[in-house]
Every structure is written in structure tokens, then in C-alpha cells.
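**Student:** Here is how the chains run, residue by residue.
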Amino acid sequence: MKAGFTTQKILANSRRKRLNRRLKLLKHKRCKISLNQIVLRCTVIPRSITRRSKKAGLPPGTIVHVGEKRRAAVKLSVISYDGVNFQEQEVKTVDEALALRKKPSVMWLNVDGVHQPEIIEQIGKSFGVHPLVLEDIANTRQRPKMEDFDDYLFVVLKMFRFDEKDDETKTEQISLILGSDFVVSFQESEGDVFDSIRDRLRNNKGRIRKAGADYLVYSLMDAVVDNYFMILEKLGETIEEIEDKLVTNPTSETLQTLHDLKREMIFLRKSVWPLREVISRLEKAESPLINKSTFVYLRDVYDHTIQVMDAVDTYRDMLSGMLDIYLSSISNRMNEIMKVLTVIATIFIPLTFITGIYGMNFEFMPELGQPWGYLVVLSVMLAIALVMLVYFRRKKWI
Amino acid sequence: MKAGFTTQKILANSRRKRLNRRLKLLKHKRCKISLNQIVLRCTVIPRSITRRSKKAGLPPGTIVHVGEKRRAAVKLSVISYDGVNFQEQEVKTVDEALALRKKPSVMWLNVDGVHQPEIIEQIGKSFGVHPLVLEDIANTRQRPKMEDFDDYLFVVLKMFRFDEKDDETKTEQISLILGSDFVVSFQESEGDVFDSIRDRLRNNKGRIRKAGADYLVYSLMDAVVDNYFMILEKLGETIEEIEDKLVTNPTSETLQTLHDLKREMIFLRKSVWPLREVISRLEKAESPLINKSTFVYLRDVYDHTIQVMDAVDTYRDMLSGMLDIYLSSISNRMNEIMKVLTVIATIFIPLTFITGIYGMNFEFMPELGQPWGYLVVLSVMLAIALVMLVYFRRKKWI
Amino acid sequence: MKAGFTTQKILANSRRKRLNRRLKLLKHKRCKISLNQIVLRCTVIPRSITRRSKKAGLPPGTIVHVGEKRRAAVKLSVISYDGVNFQEQEVKTVDEALALRKKPSVMWLNVDGVHQPEIIEQIGKSFGVHPLVLEDIANTRQRPKMEDFDDYLFVVLKMFRFDEKDDETKTEQISLILGSDFVVSFQESEGDVFDSIRDRLRNNKGRIRKAGADYLVYSLMDAVVDNYFMILEKLGETIEEIEDKLVTNPTSETLQTLHDLKREMIFLRKSVWPLREVISRLEKAESPLINKSTFVYLRDVYDHTIQVMDAVDTYRDMLSGMLDIYLSSISNRMNEIMKVLTVIATIFIPLTFITGIYGMNFEFMPELGQPWGYLVVLSVMLAIALVMLVYFRRKKWI
Amino acid sequence: MKAGFTTQKILANSRRKRLNRRLKLLKHKRCKISLNQIVLRCTVIPRSITRRSKKAGLPPGTIVHVGEKRRAAVKLSVISYDGVNFQEQEVKTVDEALALRKKPSVMWLNVDGVHQPEIIEQIGKSFGVHPLVLEDIANTRQRPKMEDFDDYLFVVLKMFRFDEKDDETKTEQISLILGSDFVVSFQESEGDVFDSIRDRLRNNKGRIRKAGADYLVYSLMDAVVDNYFMILEKLGETIEEIEDKLVTNPTSETLQTLHDLKREMIFLRKSVWPLREVISRLEKAESPLINKSTFVYLRDVYDHTIQVMDAVDTYRDMLSGMLDIYLSSISNRMNEIMKVLTVIATIFIPLTFITGIYGMNFEFMPELGQPWGYLVVLSVMLAIALVMLVYFRRKKWI
Amino acid sequence: MKAGFTTQKILANSRRKRLNRRLKLLKHKRCKISLNQIVLRCTVIPRSITRRSKKAGLPPGTIVHVGEKRRAAVKLSVISYDGVNFQEQEVKTVDEALALRKKPSVMWLNVDGVHQPEIIEQIGKSFGVHPLVLEDIANTRQRPKMEDFDDYLFVVLKMFRFDEKDDETKTEQISLILGSDFVVSFQESEGDVFDSIRDRLRNNKGRIRKAGADYLVYSLMDAVVDNYFMILEKLGETIEEIEDKLVTNPTSETLQTLHDLKREMIFLRKSVWPLREVISRLEKAESPLINKSTFVYLRDVYDHTIQVMDAVDTYRDMLSGMLDIYLSSISNRMNEIMKVLTVIATIFIPLTFITGIYGMNFEFMPELGQPWGYLVVLSVMLAIALVMLVYFRRKKWI
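Residue numbers (my numbering), protein chains in the order written: chain A, 3 to 400; chain B, 3 to 400; chain C, 3 to 400; chain D, 3 to 400; chain E, 3 to 400.
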């Protein structure tokens, strides 16, 4: 799913390009075709609902892919490991994958693509998964959640991944099924944040090969949460640039961008917030599938989640503050203009009155006949103008 | 009950018609006769209270229909099924319906219309239902709730249904009574969102025929919640169109519409929010009427309810943001006008002063006699005007 | 206590009179003497505190009447009933009342007036009531609450009653003491919302004669809550009328009225909110004084209380929205004025400049000598004016 | 401690003096020296922190007086009583006081002044009090709290007392130590709200002489809470006067006063809010030091506390509403001015244009030669002015 | 870490310097290079995230220093004490430190600097600390927290320290490990708020030498919390100075400063708030590592934490109020200007109209020929001007 963080996407093209150009791009895109901004809007909410409604009326447990249309074939890859052995293989069919399962090794079956119901169904049958879980896997609009089915745990996460190749932030739903000796992970498309985990598995780094399937699930969750920090870092850069912009040259696009950022914060918050509950429910579940020794790691992910929430909240406070500053600086600018213009008008209005007096056609106006009359009047007008200027300046009006 | 979602109703006439016309319609309706907008206002609160007050002073358990007046006869339809048998029949009287009850089949008695107290009373007696429950069925202003009476469970829901035929969104109260082998459902009028369930029953699709009465109740609740997504989708479209409108041409009708939408959100929220508690109480009730295997389905409905709440909250945030943007764009427009006009005035005021000077009638004004005087003054004035224009532009005031 | 809902009181005089006149009345009253508005203000808070302070320094349990001064004699009325017998009598003294108590009949002693400490004290002694309870009965500024003294329960409610005779809404504190076979109810003055209950007792309608004292207390509470709906209905009418007013002709009185209504909502909320806790504590108390079969009725009152709260909250949201609309429509009106006036000024300023030019007294101004000069200048000025008007209209400034 | 409620203090000088003068005083004081306003500000927060920091680095349990500097000698007074005996005496030293303790009488040792660490320490040793408690007694910036040390309970309260003599509201910290047969109370200075309690002890009024030390502590707390109502009453008067002021003549001082009142509300809230917890913890502590029969009295104080909170919250709501009204009335006034002035200018600008036309010096201007020209033009200008005035009035702009 | 409280830092240079200069400095810094203001911004959030992202992909338990770069060598100092013995020594290596450990003395190992992973790792191994704890020690962006590992407790705090030497406020993360007879404390750099504790240890002041390791941890926490008061005191001074500034001469820098202060409050709040939970979890942990007698001291720290929170909240309320006052005083100033200027213009516009009349060139204008015409007109104009001035003054417009 290409979506979510438009600003980041644009930022990524070239970090050094001026925000100015970015804002123009944003605006340009907004008012023309497909434009990421609109995509964001559609993705965040309406689309999730739109697609959802396709399902109305179907019996529960019907696997319907709800999400972006995809054409790429579903990719299956299997990693099977224990303290000693390690095997990694891409397979074509679910049966092939199952053939690679040999106890007591832990098998990690990763599925890239949830748009082929038959594959999900086959996996579901092989591992004895409840139809409603399969439905949730295909319907990529779930909130992060954890469900305990005794034989297996089902965890849904939202992965935010910055794809260096496409210069884009991608949002995907990750569904994890944790059994006693297997983990099945479903992603919406190829490409993920788990390369470092595969690395550690291959090279037997850290505890991961010695620990069980539960530790693998923890590692996957940890990788997902760690990538939130990357996204936050990028958002933070955008916010800082806009903050500079605010002081120097606030425009109505800045307001739009502030609101867009606020909305992205809300979106991010909604993706991260339920994670707290997911993890604390994992701990409280007292499932035999999770080792006690893994709890301390889960608590670590929990702490990171809270740190993400803290940062998101701080950003939101900053954005609110910036909104206030924007509004007050806009009105300050307007006031400045009005003030200066009014001062000019005010100085000339009494002067024009004086010229009006000596433009009157009375026959008996002694001043008019005086040779010095004109100069005196000019001088008086100059004096009045100067006095007013001095007065205004002393009052700090100009 | 014809009510609730005016905007949707209008939208439905022709999705492709411009929002512009819709807004005009809205406004038009508001200021003239019966107008849905007013209906909404009346329905959402005052009317519910108005009708409620009719009841003051009556002993508890008195069945009084509180809601829209209806004249259509109450319609009773019975579906009786088990894994093997299926029977569907429309009946005239409650006794006819009861005659069709044969254990161990599950009987679903659907009642279209709650404005005939005698029918509700008769059903109540036949199934041993508490008088207060019967009162709540007839009084269609209940909040969604669940009550456990050991022998049966009583569930109240709010159904939002888009009626394709009438191009209208209809809101109705659905009251469900779940016994060990029967389900009685009460609706305010004909037409509902349960056709797909009837279909599944007829054609023995999915688990529904094999499962018991509790699964039927779950299916009904699921159908109700699924239709909230349809409503949200429509609201989402309206919001998007208004958002475009906001940027291009905000009017005071836009403000009104924003507030109306906000109010509809509040109304929707109030209808959905208590559902969470209803479902979690169903789970906690530990009633023998509900199979453990149905719990996972209830949890699924629960998740959907939360997704609806999430979407509603996101819409509300968007609407608040749009309100801010509206207010600031209105004030921006005003500022633009004032600024340009003031600039024009400001340029001409000093020039008029100059013409005033040479309009004075002093006898001794050497410039006046010069043949080039007029041209010089004209040029000077042109120069002053240009300098001011350049200055204003450099200051970005125009 | 004459107080609380000024707006309703005025409304009641004649429902068909225009809000306009009402608002004028409101304003009029506010700026002159005693004026209900001020009474409201005094009653809602300051007075309750004022009177309260009289008590500072007295030992606890001292019965001091805190509330509106009253002179009418305290009225005692006794109803004694069971499934078979019914006796109703007005008595002069507490002893007379006690003489009518004959087990196992339920005795309902109703006391109209709490300003005679000696009577309260006497009743307290006869029924073995704690001095602090007696103090609370006389001090009519309690929040709704429920206290369990094992032998009896003490319940405080706020009754809002629309008195058809005086065309006024009256607020009174109702204190109820529930014993095993008696109920004592204290009101501040004559007139209440319990006539329908007395009717049901007299005519043996519904369960009431068969049920015990606890059911009577429930009936009293239900009658009190049912009357909140009447008050809400009236407030709803006022709100609707003001809403119409807002669009057509907002004045600063409208703002005042909005704030007054908001304050009344807060007052109503404070009276209703604690009721929730009162009822749920009645359920949790597990007092032998309350039959299990009464619980379902209490739950019904609880639901009504929540419906009242819901309506109050909706009204508050509506009032907030109306406040926003008011402020923006006020500023819109101002902007309209400023805009049109500025446009007029702006058109004439350049024209006046042109007249200024040809008013100059240069000797060499060729145009002045031309016979067509005057007409040309007039035409040019007309053209300029027209161009500006067209431009302004195209920009939608006028 | 002279502080807290400046407005009250000023009010007290003469209740009948106009608020106007008071506001001037406020403003005057604010901009000059010591001024109560500043004292308030310093007292409420900065000073509490300032003094607190003196303590940084000292070992815990070090008794350091944190609060206003005092020079008066600490005063010790002992009251010893039981149902039969009563003895009251002022003593010089702690030993003298202890000598008067004779079981089973209850001894109440009242200490006026906490600025002499040695006295607090001596008392602490005699009654076996923990050093941290002694530290809290001397450090008068505690929040109200209750601590259970098995042998004794430690309670901290904030006393607001209106001192008739000095015409001032005084805020003091009251620390109470409740043992099985003694109560020690610490005040910051002489003068308190306990005179009525001493009276009741002397004259054996009510239960107080028969009840134990716990009832005495309750009585002290009750006296403290009762005096909050006095303070609220005074604040209520100020608020009402400002409300009148708001409508008639809002100034920027009014805004300042509104904010000051809001701040005082926050201060009062902070002093009262923790009291709820203090009392409910007293109940839950199940300490043998508190008789069950005292619980109903504690609950009574609890109810009063909630009534105080309710009033404070209502006042805050009122102040917020008044702030809104203030802002809108300020902007209304401004708008009125601008409107009238602009209307005047607008009427004369077209007229001046007309005079400009006939001030032009074209040779061929037929109107100029007409004898009736001047009168016609004057009449036309008059007509234009009248038309504009009528138009403006019809539009309700003037 | 040099950061956090810029305003304080600047304030510290010379407390007597005028805020004016400070504000200029602030502004100056903001718009130029490195500038503390920016440092604050970077530190508070973006940086914490930036650095955090370095870690993405590493296996959990990898010790990576996340925080400000440091070059100074890590300093280890050991204090070993019991009631009788006391030994204090600076050591080079962890082994040296461990050699000084001799039971039953309590050993306090203080580590200044967490940027050398190997030292942390060595300490971790020696004391049997979990790798994730070591990771948290090096990653200085933790929220305050407490974790119970049975054998030891892990506590994270945020230390705010005003460094007199550098005239700077420094923020550091303090990590504490409490074992049965040892405490290890990690700081980011040299210099801390613990000197008074070292003093008390050296001189055997108070209970500290007699009590165990848990009391030492309490003392460290107490010292950290006590220093928050110092920071608050400084912030309070700044707030007061800005408040004065607000009334006399509000500028847009004031607004900026207000927002900066608000942000610092949020930062402080985030550092202090979790401390409440830390301490209450320490109490609830029921760890054998903490003596019951220490609980009363922990409760004392808890109370102080709440006092800090209270002060922070009060400051925030004050800042919000000041923001309101700022905005309204800005708009007041603007209104004043506009009003006076408009009044001037308005007076002269009618007068100019009159001069226009007598500037017209009609042949038949009888007034023009009158010798007193000129004087009369001048007088009339003067009269009009005076009447208008009087009118405006009476209306209080000028």
C-alpha cells in the first residue's frame, strides 16, 4: 500500500531541497490529478470504509481482500531454524512450504500478498486457523490487535516502512500467527523491515536462533516499532522546516500543511495506540506459547511504544502551538498593513482639507492676496505632517 | 422512521450531481416547509423527548408506542430452521406464529411494526417476557443496551439502513429477544438489512443453519454494524466534497453544513458507542443461552464497532479542522478585499492632496504660470503612484 | 422554591408568543429589579452558599432550614395501604400520623415543608433517624445522594416540576426515607409530581398496591425522572426558537440567552448526574429493604436518567455550535457592512482625484479649453466607475 | 499568612463601596509597590517553590520553617476534657502542656506558630511522631493529605479564614495529629475558625464532650470546610458585581480581574480537591483511632467538600462564560465605532466628488453658468445624503 | 547534556539584567546559528528520535550510546560504608571497583558517562544485570521507569541540574541499580546533585549510614526531585517578568517566549509525571530489597513529586491565561490605533466637503461675494469639528 506519509515521500526525493518547493508541490498536487495528498485522505479513512462495505451481507469468515488492488503473485518464503540448523527457501505453493516443516525446528513462513484468498485459506487449513482470523488477514483495515486461540496467537500490526528504492513511505498490515513451533507472517506486498532479523537468523547473531517462535514474534514486533522512530524523525524534520517558514513567510498553504500534518499525527496515533494493549494482553494472556523469559523483551517493546506515543503527542502539541503562532502572525501582518496604510491616509486628509480651504472661491480671502501666502501654507502643511509623524512614532504606531 | 441522514438522502438522488446544488437544496429546505434538516433536528432530540413526555404518569410496564406515527398493519414473519429443515412463512396472528414453533428447530419471529401494543403484549405473554421489556420495545427511543433475564436476553440496537427504493436513509430501533430456541426481532417498519441472512438461511450457506439461536442473533447484530460502514461511506463522500468547496468558495451555508455534519456525527456516535458495552456484556454475562463458540464472532462484531467509532472520531477531527480552515479562509478573503481596497485609496489620497495644492487660489503661485507646470505635476503624480505600487509589491501587500 | 428555569417560566405564559418578546422581557428583567434572571443566578449558586454560611459554627446535627423563606404551615398527609386496604388522610401532628401506622400495611407519610425543625425532629425520633439526616432534610442544598443506615435508606432527589397554575417551573429537594414498611417523603412546598402515583394507589392500578415500600420509593423516583423530560421538552423549544433567531437576526441579547441556557444546562446536569450513582448504589447496597424484583425497575429509572443526560449533553453541544454560528454571523454582518462601504469609498476616491486634476489652476492646461473636455472627463470617470464595479463584482467583493 | 484572596480583602473594607473603586484599587496596586495582587501571585506558587528550595540538600526529617517569616512567639494552649471534666489553660512550654495530660481525658494541644523548630521537635518526641511528619508541619506548603502511622494519624488541611479584625482573608496550613486520647493541632499564626468548637467544649453543647479525640478532629475539619462557604460567598459577590460591570462598561481591567478570579478559583480548587481523598482515606484506613460512629460525620464533611467543589466549578464555568461575553462585547463596541465612523465617511465621499466636478476649471461647463445650478447641485447632494442614510438605516447599519 | 532550559541558562548570566535584553537574545539566537533555543527543540524531541533510529535493526540488548556525543573518559567512583566504616575512592577500572566491595558494607558505585559500552557491559556482568537494562542505560532517551528483576531493581530518572560554574541547566538521565548491598548509579557526565548525600555519608549525618542500600536509592531520588524545585523557581521568575512585560509592552517575541515556556513545561511534565508511577510501583513491588521503614520516605518523595506537578500545572494555567491576555492586549492596541486614526479622518472628511462646495465654480453663488463669507465658513467648520469631538468624547470613542 503506497500511502500514508505524503510529506515524507516528497521529502525523500531530496532532503536538501527547500521546503518551499515542497509546499508548492503539495499544493499543486492537491489541486490536480491523483495527487498523494488526496490519496492520503482517501486511504486514511474513506477508502477503508468504502472497501469495507463490499463485504456487507457476506457470511462471516468469507475471505475478501479489502485494500489496494494488487496484481503481483503472492510470494511464499520459508525459514526453518533451531540452535544448530538453518534453512531458507522460497516456495511456490503452501504444500511445498509445509514439507519444509520439521520439528523441533521453528518454521517462519512469510507470505507477501493477501489478495489471493485461496492461499490464505490453504494456510488456514494447514495450521488450523479460525475462518474469522483468515478474514481479518485479507481485510487489511484492522486495528492492531491480539487474539488468543489457545493453540495459536493472532497479532495484527501496522508496518510503516520507508522504501529507499521508491523513495516512498509504505503502510502495510502485518498479520502474525504464532504457534508452538511456527510463525506465519502475512504482508500486503514485498519488501519489509525484517531484513535485519533474517540476517541475525542466518548468522546466528544474538539469542534468536536459541530462542523459540515467541522470540521471533517479539523480534518482528520490535522491528516494526523501531521503524516508527524513522517515520517520526522524518515528520520531525518537516515540522521544523515549517516552523522556520511560519516565522518568515506564513501563507495559507502553511495552514493547510499544518492541518495535514496534524491529520497524519492522528493517523499515526491510531496505528500505534492499540499496540500498547496488544503487548500488555500478550503478557497477561499467560499463554503457554510465550516463554516467561520473553516477557522482559515484550516490556521493552512496550516502553518503545510509549516513547513513540510521547513523541507523537509532543508533535501534536507543537503543531497546535504553531497553529496559534500562524494565526497570530497572519493577523499581525494584516494589522501591520492596515496600520501603515491608515497612517498615510490620516496624514494627508487634514492636509487636503487645508488645500480645500484655499481652493474656495470667496472673494474676500485676505491670505490669497499675500505674496508669502502660498509658502506659508506649504510650510504649515509640512509642519503638520511632521508633527503627526513624530506623534505616531512616539506612540509606536509606525 | 424516515430521518437522520438528510445529506445522504439528497446525495442519493444522483451521486454525480454537484454538491453545489445539494447545498442549495439543503438551504432551501431549511428555510421552507417540512424540510429534512428540521426533521433531523426534531428527530435527534426534541421529538424523542416530546413523545417521551406522553408517558409521564403511567404505571411502569404500560406499552406506549413512542416514535413516528404509523398506520401500516404489523407484519409477522416466521422462519423455523435446523440443520435439516427450513420453513418460512408470513402469518397474521401471534397464535399462528406460535403454532409453527417445533423443537428443536430454531424459530425466528420477525415483527415489522411496534405501534400495536396488543401484539407486543401477546408475544410477551407467549414467551414470558417482562412488562418493562415490552415497554422498551414499543418506546423506540432506547439507547442500545443488553439485559439478561436468565431465561432470555434482551438486546436493543439502532439500525441505519439506506433504502434504495426511496433514496433515503432510515433509522430504526431493532429489539431482539434471544431464548434457548427462539429469536424474536422487532422493527419499526418493513424493510431491513437482514436479507442476506435470510438468504443464507434459505440456501444453507455458512454455519448459520447448523448453529443455534445465539448465532442468529450474532448475525443480525453483524448485519446492523456492517451497514454503519455504508452510512460512513456516504458521509465521507459529503465531507470530501465540502472540503473541496471550502478551498474554492466558502459560504456561510458551508458553515451550516459543517455544523449539521458534526451533529450527525454526534448522533451516529451516540448510536454506536453503547454497542461496545452491549457486546462486552453479552460476553461477560456467561449466559447459558450463548455458546462459547459464538464468542469469537461477537468479538469480531466488537472489533467492527470500534472501527466504526474510529472512523466517526476521525471524521469529527476532520470536520473540526475544516471548521478552522473555513474560519481562517473567510477572514483571509475579507482581509484580501480590505487590503486591495485600502491600497487603492492610499495611493490616490496623496495624489489628490497634490491636485488640491494646485487648486488653491493664491495669487502668487509661481508654478501655475509655468507652461510645463501641468505636465511636471502630472509626471510627479505618476511617479509617486509608481513608487508606492513598487513599495507595496515589495512588501508583498498587493 | 420558585426558581431555576426562567426561560420556561416565561415561555409558559403563552407558548405561541414570539421569542422576540420573550428575549426583550429577559433583557428588561435583567436590567431592572428582582428579575427572575437574577433569581436564577442567586439560586443556582450564590444563594445556596449564602444560606449555607449561616450554619457555620453550629454543632453537627442542628436542624437549620437552608433555602427559600416560607411561611405556610407544614402539611402532613398519610396514605396507608396494602393489597386489600387503603386509607388516605391529612393530619395536623406527627402523633396523629403515627397513630395511622398499622402493620403490615405500608405507610407513606408525605411532609410538605421543611422549614419547621420541630416537626422534622419529631419525625426523626419516631422513626429512629440519625440527626445528620434530619439536618440534610432541612438544608435544601444537598446534591442527590443515597445513604444506607441499615434500618432505613435515605435518598435525596431534585424535583423539577412545571406548575400549570402559576405558570412556573419549580425546583424542590425531595428527601425520602425508606423503612421496612414506611416511606417518609419531605418536600419544600405543596404541589408535586406524585399525583399519578396517588391515583394508582387509590384505584389499585398496576403492581403498586401489591408491592412493598421499596416499590413506592421507586415509583416516586420514576415520577421525578419522568418530569425531567417535560423540562427538557420546554428547553428544546426555546433552543429551536433561538436557533431560528440566530440565522435571521442575531443580537447581543441572543448571546446572553445562549449563555443563560448553557448555565441552565449545567444546573440541570448537576441535578441529574448524581442520580446515576444514587440508583446504582441502591442496587449494590444489597439492603434487605429492597426486593430483588424491584431491581429491574430501578434499572429502568437508571436508563431514563442516562437518556436525560444524553439529551442534556446533546443540547449543550447544540448550544456550543450555535455560539460558534452566532459569533461567525455577527462578524459576517460586520464584514458585509465594512466591505460595501469601503467599495463605495474606493470607487469615488480615484474619481475625486480626477476632478482634482482639472480643478488645478495651471495656466497651461490644454484640455480645459476644449469644448468637449468636460464631457470626455465625465465619460472617463463613468467608465472608470463601471470598470471598477465590474471588477469588484467579478471578484465577488460586492 | 496574609494572602490568597485579595479581592475579598478589599471587598471587606466596605461591602457597600462600588466595585468600580475596587477595580481601580486593584489596578493601582498592581502597578505600584507591594500590592496584594503581587503577593497573591508570589504566594500561590513562586514563593512556595522559592522557600522550598532552601531545603534542597538537607537530610530528610530536618525541620525547616518554609513559609512567611514570623516573629511572634509560639503560643501553646491546652484543653483537656471528658464527659465530666473540662480544663483550659495557656502554657509556656511543651512540658507544662504534657503535665496537663491525664487519662482518660482527651487532651487538645493547639500550637499557634510553626516557625520554632525546637518546639515542634519537642512535641514530636513527647508524642512519638515521625521526623518526616515534623518536617511537613514546619513546611507550610503541603497539599491537604492524611497519613496513617498506626499509633497516630497525621492530617494536613488548608484553612481559609476571614479575619474580621484585620479585614483580611488569611490562608493557613493546619496540621492535625490524632492519637488515642490526644489531638495536637498546628497553625501558622494566632486566630482560627475553631472558636465555636471551643465554645461547645466549654458549655458541653452537643456530643463533643462525650465523644473521643476522633470526634474532635472531625469537628476541626468540619469547621475548616464550613469556612470555605464563607469565602465562596464573598467570591460570588465579586463575580456578580463584575458581571454587571461587564454589560455596562467593560474595560481591560475587567479582563485582568476575570483572570485573577479564575486563578483564585484554581487556587481554591487545589486546596479543596485533595480533601476528598483525605476523608475517604480516613474512612478506609480502618484505624482503631476512629470510631465507627464517627464515620457518618466524616461522610457529612465529605458531602460538604463536594458541594464546595461543585460551587467552585460552577464559578469557573461562569467566569469562562463571562470571558466570552467580555471579548464579544469589546469587539462589539469596536465594531459600533468603526461602523458609525465609516458610514459618515462614506456619505461625504460621493458628495465631495460632486463638489470636485464643479470645481473643475473647464471653460465649457454649461451648468456653471446657470443661475439655478448651485441650488440644484446642493439639493442633489442633500438628496443623495438622505437616500444613503435611509438605505443604511433600512439595512440596519446605523 | 547541555540542554533543556534555555531561558534559565540565559537568566543565570545575570539575574538583574532586564528581561528585555534576554528576549532580544532569545530572538537573536533563534534566527542565527547554534542557538540554545534550537538546541532545546532538537533535544526535546527530534534528536531523541534521530539517535534512536541508529539502533533500528540491531539485536535487542546491544548497548548503543544514544545521546549527546561525549569524549571525556568514563569516571568511576566508589563509596563503601556501613554504620562504622566509610571508604571513598576513585577507580580506573570496574575490577578495581569490585575489589572494594566488602560485605556487609553498602557499596555505591557511581559511573559518570555511559558512552563506553564496554564498561557498562563489564558492570552488567559483574552484578548480573539483564542485557536489556544495559541497553536502556546507554540509551539516554528513556522515560522515568522502575523495573523489578527480583535480584535487583532498575530505576531511571531525569536529573535537572543547575550548574553554577557553567551558568547552565543540564538535563541528564540517571540510571540506578539497587541490589541487596550495592547501588550502581549511571550519569551521562560529571557533576550532579548528589554532593549533599556524599557529605552526609562522609560526616555520618542523619540515618543514612545506618540504613541500607534502599535508603541510599531513596536519598538519590529525593535529591533529584528537590532540584526540580530549583528549576521551577527559575521558570517562575521568568514567567513573572514576562507577565510584567505583557502589560507594558507586548511584542511578537513575547508570544514566542510564551510558547517556548509552555513547551518547556510540557517537557518538564513529561519528565516528572512518570515518577509518580515509579515510586508507587516501588512501594507495591514488595521487593525484599526495600525495607518497610523506607516506605514512609518514598511516600515523602511521592508527595514532593505531586507538588512539582501541581506547580507545573499552575504555571501552565498561568501561561494560558497570559496568552489570552497577550492576544487581547495586542488586539486592543490595534483597535486603539485604528480608532484614533479613523476619528481624525472622520472629522476632516465633512470639512473637506464644505471646502469643496465653495471651491465650485458656479457663477451664481451668493455666499462667495459676501465679505464675511470666508470667516463664517471657517467658523462653521470649526464648530462642526468641535461638535464632533465633543460627541466622540461623550461616546468614549476617543
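Worth flagging that the hints you see were computed from the coordinates, not collected in a lab.
Predicted model, so just to flag it, every value in this text is computed and none were measured.
Ideal placement from N, C-alpha and C gives every residue a C-beta, glycine not left out.
There could be a bad hint or two in this list.
To be verified - A few chain C residues that don't get close to chain D, going by computed Cβ distances all over 10 Å: (1) V66; (2) P119; (3) R202.
Claimed, not checked - Restraint-style ranges between C-beta atoms, simulated for each label pair: (4) E279(C) / R73(B): 42 to 52 Å; (5) D97(A) / R73(E): 41 to 51 Å; (6) D165(B) / R72(C): 30 to 40 Å; (7) E92(E) / D153(D): 42 to 52 Å; (8) K294(C) / E192(B): 32 to 42 Å; (9) R73(B) / R396(D): 46 to 56 Å.
**Student:** It remains to establish, for every hint, whether it holds in the given structure.
**Tutor:** Going down the list of hints, with the structure as the test:
1. V66: Check passes; 12 Å lies beyond 10 Å.
2. P119: 15 Å, holds
3. R202: With a cut-off of 10 Å, R202(C) remains clear of chain D, as the shortest Cβ separation is near 33 Å.
4. E279(C) / R73(B): 42 to 52 Å: Holds - the Cβ-Cβ distance for E279(C) and R73(B), about 43 Å, lies within 42 to 52 Å.
5. D97(A) / R73(E): 41 to 51 Å: Between D97(A) and R73(E), where Cβ atoms are some 59 Å apart, the hint is violated.
6. D165(B) / R72(C): 30 to 40 Å: 58 Å, violated
7. E92(E) / D153(D): 42 to 52 Å: 45 Å, holds
8. K294(C) / E192(B): 32 to 42 Å: 40 Å, holds
9. R73(B) / R396(D): 46 to 56 Å: 50 Å, holds
When held up to the earlier numbered hints, the structure conflicts with 5, 6 and fits the remainder.
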